Amino acid sequence: MIRVRNLSKVFKLPHARKKTLFHNIVSLASERYEYEELYALRDISFDVGDGEFVGVIGRNGSGKSTLLRILARIYQPTSGSVEIRDEIYPLLELGVGFQMDFTVRDNIYLYGSLLGRSRKEMDRHFPAIMEFSELERFADARLEKLSTGMQMRLGFAIAIQSTAPIMLVDEVLAVGDSVFSEKCRRVFWNFKQTGKTILLVSHDMGTIREYCNRVLLMDGGRLIGEGQPDAMIGLYHDLVNAPAES
Amino acid sequence: MSGTSPPGARRHRMRDLRKYVTIIRELAIADFRLKYHDSALGYIWSMLNPLLMFVIYYFVFTRIFPSSIAHYPLFLMAGILNYAFFQDCTFSAMNSLFGKSHLMKKIYFPKSVIIFASSITCSISLLINTVVLLLMALLLKGPIPLMVLLPLPVICLILFSVGMAFILATLFAYFRDMSQIWGVLVLVIFWVSPIVFDVDVLPQAISNFVYFNPLTRIFGLIRHYTIYNYFNLRFLLMTVLYSLAVFAAGYLIFRRHEDRIAELF
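Protein sequence lines, in the order shown, are assigned to chains A and B. The numbers in the first sequence follow the numbering used here, run straight up by one, and end at 246. The numbers in the second sequence follow the numbering used here, run straight up by one, and end at 511.
Hints should not be assumed to be uniformly reliable.
Which residues of chain B face chain A? A partial, calculated answer using Cβ under 7 angstroms [stated by the list, open to error]: (1) LYS265; (2) VAL267; (3) ILE269; (4) PRO389; (5) ARG501; (6) ALA508; (7) GLU509.
Think of the hints as simulated: they come from the structure by calculation, not from any bench. It should be emphasised that the depicted structure is a prediction, and the values quoted were computed from it without experimental measurement. For each residue, glycine too, the CB sits at the ideal point set by N, CA and C.
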């Protein structure tokens, strides 16, 4: 169960690049501490019940990914509260979180440990992961030597070993070629049938329609709609086709 | 943020602890492999820099400005090898945090595991270096009873260095030029620690100041227990307390900022 109440997130974006101590001292001296407040999320409240498959849609920059990152505890909320009663597993843009200089094997064990798996458990899962990702021959290759598609496959193969009852999925179903994405679809249907709670961010309305019972529509950091997939997708298309806000 | 029911809280904490220990081990194993496995000379590389420094300072302080310190080669080696660990540990913490920035944007885990893992990797080199130093002392001077106490100052060195690593990593998260600033500061620290010279040659006013530096005390103890066979309980206890305090302070500072670090990269 996920319960979000009045959640807001403000990013302070400096006008100039001010990542160094030197720049900070200079700007302190000139007494201009300039930054812009960007409301990535504004006063968001919603609930997700156990076993629901909820889609999150919205244009680029509407706050979907920030929302998932806050649910995954990667970012801290500026105000409001998030309550999650179960273990969560975030699948945020697969593969990119790997350590490029580690080997495939080290990455698998590292990710396994981040998922809370012991080394012994990972020894058991290792062959399945290698098989699912079709990377058996590359176990000791450094990840940077692998193609993007291969990395994505590996990420997905590791992620689906998670037993967490809640999954946060960000735009990851479009992985690999048609054979692999068919495999992924089977896995996701399996998740759905076994009653996992899933929050899925996607720009692919076909995917949203296929899996979700309910859809959250976001725009400009606000939750502007919540309801049946077809109705929300209709609203989303209106937003996309409407002239851009100034 | 994620609520836990009170009766299960303790079980949760135990499970979390076990999980974090596993993460630290996996990170340390991969780091270590990265550091040593893929290079033909492996561990030798990490010795090359201190060895070269040793040769240079040995030449300078025996031929150009002859030092009156007894057993100067051992004295110098003890200083340089242990200073090398301090430098390695603090820089690795910052590099490692930077190197894991992708990871921390994808999945939640306590960022302190990164610092613990990089410190463990560095400590392995320190242990090898300590064995090398002991062998040198046995060879050049012979065994002394106090050698059994050597693990104490080595642990102090690790505690102090890891504490500093936590403080620097916190600063580094906010200010990316911390690693450059530290690059200059370690050079200063090199010369305000008794590495190539002894504190006793300094005027009283300055030597009091130098004793404020915990490295002075730690290097002193390491030399007492490998070369000079000198024991002072108060000096030892003060150094242990000092190192523990720096470690605790560093860890607490890092923990305070831990949850914001992912947003800063």
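Structure-based check of each hint:
no. : hint   : in the structure
1   : LYS265 : 5 angstroms, holds
2   : VAL267 : 9 angstroms, violated
3   : ILE269 : 4 angstroms, holds
4   : PRO389 : 40 angstroms, violated
5   : ARG501 : 14 angstroms, violated
6   : ALA508 : 5 angstroms, holds
7   : GLU509 : 6 angstroms, holds
This entry does not satisfy hints 2, 4 and 5, going by the numbered hints stated previously.
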